[in-house]
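Chemist: Spelled out from the first residue to the last, the chains are:
There are 2 protein chains.
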Amino acid sequence: METQRGFPHRVVIIGGGFGGLYAAKELADTAFQVTLIDRRNFHLFQPLLYQVATGALSPADIASPLREILKRQRNVQVLLAEAVDFEPGRRAVILGDGEISYDSLIVAAGMQNHYFGHDDWRPFAPALKGVEDATEIRRRLLFAFEAAEREADPAKRAPWLTFTVVGGGPTGVELAGALAELARDTLRKDFRAIDPAESRIILLEGGDRILQAFSPCLSRQAEKALARLGVGVRPDVKVTRLSGGEVECISAGTAESIRSKTILWAAGVKASPLGEALARRTGAAADPQGRVLVTPWLHLRSHPEIFVIGDLAHCAGADGRPLPGLAPVAIQQGQYAARLLKARLEGWTPAPFAYRDWGNLATIGRAAAVAEIGKLEFSGFFAWLLWLFVHLVQLIGFENRLLVLIQWAWNYFTWNRSARLITGEVPSRREKGD
Amino acid sequence: METQRGFPHRVVIIGGGFGGLYAAKELADTAFQVTLIDRRNFHLFQPLLYQVATGALSPADIASPLREILKRQRNVQVLLAEAVDFEPGRRAVILGDGEISYDSLIVAAGMQNHYFGHDDWRPFAPALKGVEDATEIRRRLLFAFEAAEREADPAKRAPWLTFTVVGGGPTGVELAGALAELARDTLRKDFRAIDPAESRIILLEGGDRILQAFSPCLSRQAEKALARLGVGVRPDVKVTRLSGGEVECISAGTAESIRSKTILWAAGVKASPLGEALARRTGAAADPQGRVLVTPWLHLRSHPEIFVIGDLAHCAGADGRPLPGLAPVAIQQGQYAARLLKARLEGWTPAPFAYRDWGNLATIGRAAAVAEIGKLEFSGFFAWLLWLFVHLVQLIGFENRLLVLIQWAWNYFTWNRSARLITGEVPSRREKGD
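Quick mapping for you: the protein sequence lines, in order, are chains A and B. Oh and the first sequence: position 359 is 549 in the working numbering, straight run, nothing missing. Oh and the second sequence: position 356 is 546 in the working numbering, straight run, nothing missing.
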């Protein structure tokens, strides 16, 4: 047992997302020496990132500095560094500029965007993962309307006003819904030459229905809600090629081309490369998405001192299928791993990890959502209120919650989205192809 | 007179800062066809930019989309474009991608940073002008503390904890004060290996006192307030060379070198290159700072249909000296130019422009400021409250005011600065030299 190694016992946590952060918090007031490593200096509330991409919230509203969150927890040190590899024999994590040794290791490095072998599509279709992705998507969305306003030729203008979202999971649905509201309501009176409400918003889904994690009935509800917002949902469409301004796809066996200057990618994620590195160094197995297989106690079979949690872990749920990559799973796993470390100290082993499923929520625009809570399914305004409440209480930091609540209330009553800034490199119409 | 050209009368305004925006607003409910051109899609409240640079506010809190501000003013079209030159003979403005013709032109292109012939210093010492500058400075400030936390060697650590602000005008004073509070209060408990309160913050001023636009008495008050925050104010210091990590300067005839990884430039601005282009094309005179000389009616002597307002204009005040580059000057000039256009329509000419001076304010940290209002001079907490009130009511948009007020109140009572995000390119310690 680890406890026999005595103290100080160093716990290294890789990743300041939901899993890593809640593991660190659960280790408060213990004798463990905790080091939390992240490439970024903040915890990001990913579920609201699409609101940054569509100009409703600012990055800082959904991000909190890790040091701020953990400042009162004196046994935690936060390190701004990038973990790149492992040496399990020496119990060391290799960093981009140095290394750090551990007695117990919790790897919570999460997922990254995945283009299914088409990394060349990346520049044409940004995906929503980090803060920079969100501001880049915001820039492209807003710039498309600006370019359309200045384009006199209707044939050249149409692709600027066509927006394609690839992937009908929760992120794609939320992005398409928010984008439709941006075009139809927020920007309605902003332009003189174009009517943003005439934009085409297309949601492409490879499977036979959107929101496959929900029941077919809720998928249909979501599709109806999107149709009301003017989003064209197209299931059973496989994208075959993306370029700057065109989506080529196959639909019902027929090749098709969609001229669209703005393409957003919400089709796939895969495990952080740290998962592969860990599997290689420890002999652990990984699934096709690159997630590392763990025991029911969330550690590696060969290395009980190494835990993998959150999106990076392949952990079977009660139904035998791997648990989904959701914030509540990561939070509960982080807390579980920390509690298991504390139990080991006391010389006992807790029951295996069991995910407590509080339900599943996705939002569609400003006043509709779908929810699945146990056997209960519902949609519409009440589901949206629930979505709003759940996300608001989860935001870390009282000030963030207050600011986001005010912005939501303001947006709701005025249709406004005040964070509509085109920042970063200023594009010219020529650069963007044309 | 312009009016004899009849309608439609096209007014082109270059620049969506204070001058251009208030000119456009003043032309509401008239028959003028107004086009407002800006490279950015938002109006930026420059006086609070240093709060973004020090992590207290988000960019969107101090920026409002120009289209949003002007959406109800149907005679105004906003164009996201870059003006690059003029052809006054044809009454045309040349854009980066096209051109636009005018009957009357209002040029309000403002100032840009100026390194006095040392453009090679730019990468070592960013200046505070746009939103990207502010987030870049924020990134450097926060990253310096992160690098110091990871540096075990005290000799190598010290330059990371030394911050140099070059230039003791209002921007330099505000930056240094906010930076001192960031280090001494906000970050105080955030680190484990370093004590941010031990940071050295140095404010270098070339003249014999800081805040030269204020009275010597208020300069001394500001210096004392800065000293209380731990800022070392050094007048009569001329910078001779900047590099990544070192400031070489001459003080009282002696050469000196300051090892400082973070250097901020607040020493100089000069006119937008559009001023020079306009002077060249029209034969107008420009002053050494590149500002274009205008008549007491704010137009060019040779071209009464071309107005220059705001920071870009050299316009003599009541004391014969050019008016300072302040927001109130630009606002009043924008309104004046618009009123003059309306008067011309009616066939009369108003009295020359007269600046109504409401006073001068600068803030030092979270609860001190200096103020000069007419013959009244004061400093301290009351001046700070006044500063807060004046800036809050000037912020465009009710939501912005409410959010900023909450963040200020929150920051004030908790010493917090919640927008402490290191975004953009993630640096490594090696990249930054060392």
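Don't read these hints as lab results, they were simulated from the structure. These numbers come from a predicted model, not from an experiment. A few of these clues could be false.
The list treats identical chains as interchangeable, and a pair is accepted whether it falls inside one copy or across any two copies.
[Unchecked claim] Calculated lysine-lysine pairs in the BS3-like style (CA-CA distance at most 27 Å, straight line): (1) Lys261 with Lys346; (2) Lys319 with Lys379; (3) Lys565 with Lys428; (4) Lys460 with Lys319; (5) Lys261 with Lys428; (6) Lys532 with Lys460; (7) Lys460 with Lys565; (8) Lys428 with Lys379.
Chemist: Is it within, between, both, or neither for lysine 261 and lysine 428, if the alpha carbons may be no more than 27 Å apart?
Modeler: neither (48 Å within a copy, 40 Å between copies)
Chemist: State whether the alpha carbon distance between lysine 319 and lysine 379 is at most 27 Å within one copy, between copies, both, or neither.
Modeler: neither (31 Å within a copy, 30 Å between copies)
Chemist: 27 Å Cα cut-off: does lysine 460 pair with lysine 565 within a copy, between copies, both or neither?
Modeler: neither (30 Å within a copy, 67 Å between copies)
Chemist: From the Cα coordinates, with 27 Å as the cut-off, is the pair lysine 460 and lysine 319 best called within, between, both, or neither?
Modeler: Result: close within a single copy only, 12 Å intra versus 40 Å inter.
Chemist: When Cα atoms must be at most 27 Å apart, do lysine 565 and lysine 428 count as within-copy, between-copy, both, or neither?
Modeler: neither (32 Å within a copy, 73 Å between copies)
Chemist: For lysine 261 vs lysine 346, is the C-alpha pair at or below 27 Å within one copy, between two copies, both, or neither?
Modeler: between (54 Å within a copy, 25 Å between copies)
Chemist: Since the copies are identical, ignore which copy is meant and state whether lysine 428 and lysine 379 lie within 27 Å (CA to CA) inside a copy, between copies, both or neither.
Modeler: Answer is neither: 36 Å inside a copy and 52 Å across each miss the 27 Å cutoff.
Chemist: Regarding lysine 532 and lysine 460, is the shortest C-alpha distance of 27 Å or less found within a copy, between copies, in both, or in neither?
Modeler: Neither: 31 Å inside a chain and 62 Å across chains, both beyond 27 Å.
In this structure, the hints that do not hold are numbers 2, 3, 5, 6, 7 and 8, in rising order.
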